[in-house]
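Peer 1: Sequence:
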Amino acid sequence: MLEAFDAALATPGLFWLLVTMGAAGLVRGFTGFGTAMIFVPVGAQFLPAADVVFLMVLMGVFSTITLFPQAWSNADRAEVGALSMAAAVTVPVGLWLMGQMDALTVRWLAAGVIGLTLAAVVSGWRWQGTLGWPGRFAIGGAAGVVGGMTGLTGPVVIVFYLANVRDVARVRANTIVFLAALDVVIAVNLIFGGRASLQAFILAGFLGIPYLITTLTGKALFDPKLEQLYRFASYSVIALAVLTSLPVFD
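Everything in the sequence shown is counted per the working numbering, starting at 890 for the first residue and increasing by one.
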């Protein structure tokens, strides 16, 4: 236990991980998403892929505590339930793929997923159609694969929701509830698959302090009337995290 605690304190880049997690919490608090999109590119520079994924799951616990109760009352539970069930089936596939890749490949893949996500939402593309149950299962399944493989649980469903013309408060609530469910699924798979390390668990405790504080701050700042400001701020922080962590700059 003490060895794991000392190892967590000696984590390379711990200062930058703390700063990045603080920024991620602020964005997550007022938009409902963004934690992994900000942290994964930076965390992948210092930590094994499995630890990055596990940290994202544990951070989801902190944000769930602060954001889930209110989001649950505003969410479209039937739709989120379909997305979650599909993701539960495909998460093991994503985790298996992660185990087949080296760290550099995971970093490039994560940067690519985030970059495509940003391009889709910043472009202002909007889909006016109606998504049936097969489409919902497909989106949830894709989110499960990408989440298990990279720790990026949000991008697929974020593109889906932001591409639809919907009430921002409902989108935020659905995203929060879905990501909470996906975190639970990934955590169970990691723990029973023997990929959850004690060191990562202790490190999550350190990172959870700034994350919890900034998530609560972001939640307090949330105002549906400022949707454009939230989106601009979130996109800017996410883009900065990706650009500064590209392997080409190593």
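For the record, the hints were derived by calculation from the structure and aren't laboratory data. All residues carry an ideal CB built from backbone N, CA and C; glycine is no exception. You may find that some hints are simply not true.
Listed next, with one range per pair, are the computed distances between beta-carbon atoms [unchecked claim]: (1) 894 x 1021: 49 to 59 Å; (2) 902 x 1128: 12 to 22 Å; (3) 891 x 958: 32 to 42 Å.
Peer 1: Hints first: check each against the structure and report whether it holds.
Peer 2: Hint check:
1. 894 x 1021: 49 to 59 Å: For residue 1021 against residue 894, whose Cβ atoms are near 50 Å apart, the range 49 to 59 Å holds.
2. 902 x 1128: 12 to 22 Å: 20 Å, holds
3. 891 x 958: 32 to 42 Å: About 36 Å separates the Cβ atoms of residue 891 and residue 958, which means 32 to 42 Å holds.
The structure agrees with every numbered hint stated previously.
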